[in-house]
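Trainee: Sequence:
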Amino acid sequence: MNDLASTTRCYECGSMMEGRKGAYKYIECGLNSVILKDILVYHCNNCNALVPDIPAAGVLHRVIALRLVSKKNLLTGSEIRFLRKLCGYSVNDFASILGSSKSVVSRFEKDGCGKQIDRIIRLLVISKLTRELAGQPERVLRNVTIEELNSEVENTFKLMAGKGRENERYEIPPEEIARYIGASEEPAELEMAVQ
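All letters in the sequence shown, in the order written, are residues 1 to 195 by my numbering.
Just so you know, not all the hints are guaranteed correct.
[Stated by the list, open to error] Quick list of in silico lysine-lysine cross-link-like pairs, BS3-like style, CA-CA up to 30 Å:
#, residue 1, residue 2
1, Lys110, Lys72
2, Lys71, Lys25
3, Lys72, Lys128
[Said to hold, decoys possible] Per label pair, the in silico range of CB-to-CB distance:
#, residue 1, residue 2, range
4, Ala57, Ser127, 19 to 27 Å
5, Glu148, Thr7, 46 to 54 Å
6, Asn46, Glu147, 21 to 29 Å
7, Leu60, Ser15, 21 to 29 Å
8, Lys72, Leu4, 19 to 27 Å
9, Tyr11, Leu60, 33 to 41 Å
10, Thr130, Glu28, 36 to 44 Å
11, Phe157, Cys13, 18 to 26 Å
12, Ala178, Asn73, 42 to 50 Å
13, Cys13, Leu133, 28 to 36 Å
14, Lys72, Arg179, 33 to 41 Å
15, Leu36, Phe157, 32 to 40 Å
16, Arg179, Lys37, 25 to 33 Å
17, Thr7, Asn143, 51 to 59 Å
Everything labelled a hint here was simulated from the structure, so no lab data went into it. All values derive from a computational prediction rather than experimental measurement. Built from N, CA and C at the ideal position, the CB exists for glycine as well.
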């Protein structure tokens with residue numbers, strides 16, 4: 001660790017703690033693989049307590065999430081648990097969205113999961129982060145919120161049957177498109193069928 005930067009009282013014993021900038025293994029997030037570099041870490045020489053000064057913990061957790069959804073290997077169990085908690089899902093809600101049971105989610109959070117579930121989990125995290133970022137770029141869809149779209153996707157995941165694949169026909173009337181266009185814009189003659 002570097003030179004003394006600050007002092008404060010120990011939260012454990014009340015003695016003086018010395019703060020120095022350095023690296024800190026951030027196990028409090030539930031992951032053993034996160035190292036915070038160049039942050040202020042307080043150490044108590046009396047009781048040996050270590051206390052990191054973590055600025056913007058909410059942002060930090062999203063940065064960790066971005067690293068996890070961008071990794072090339074499958075998520076580990078502890079990474080799945082971290083992402084589930086970041087998204088604010090209980091084990092029961094998560095199981096329902098994934099179309100499984102609480103015991104299966106517990107197994108995922110212990111041993112990891114397969115490629116398809118891994119991708120769904122990453123999609124859910126990206127959806128959460130997208131909701132938080134909503135409104136920054138120019139909106140294409142109007143008269144609907146990101147939360148409504150996300151809820152629709154989550155509800156679809158909950159209701160999906162694991163049955164065979166069938167070709168469906170999607171007939172989209174102009175009124176449905178008009179619903180998502182701003183009030184000042186009028187849809188051109190729109191009649192489309194997506195097959």
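Trainee: Now, for every hint given, state plainly whether the structure supports it.
Mentor: Verification of the supplied hints:
no., hint, verdict
1, Lys110 / Lys72, "holds (20 Å)"
2, Lys71 / Lys25, "holds (19 Å)"
3, Lys72 / Lys128, "holds (20 Å)"
4, Ala57 / Ser127: 19 to 27 Å, "holds (22 Å)"
5, Glu148 / Thr7: 46 to 54 Å, "holds (50 Å)"
6, Asn46 / Glu147: 21 to 29 Å, "violated (49 Å)"
7, Leu60 / Ser15: 21 to 29 Å, "holds (28 Å)"
8, Lys72 / Leu4: 19 to 27 Å, "violated (40 Å)"
9, Tyr11 / Leu60: 33 to 41 Å, "violated (20 Å)"
10, Thr130 / Glu28: 36 to 44 Å, "violated (26 Å)"
11, Phe157 / Cys13: 18 to 26 Å, "violated (49 Å)"
12, Ala178 / Asn73: 42 to 50 Å, "holds (45 Å)"
13, Cys13 / Leu133: 28 to 36 Å, "violated (43 Å)"
14, Lys72 / Arg179: 33 to 41 Å, "holds (39 Å)"
15, Leu36 / Phe157: 32 to 40 Å, "holds (34 Å)"
16, Arg179 / Lys37: 25 to 33 Å, "violated (48 Å)"
17, Thr7 / Asn143: 51 to 59 Å, "holds (56 Å)"
When each numbered hint is compared with the structure, violations occur for hints 6, 8, 9, 10, 11, 13 and 16.
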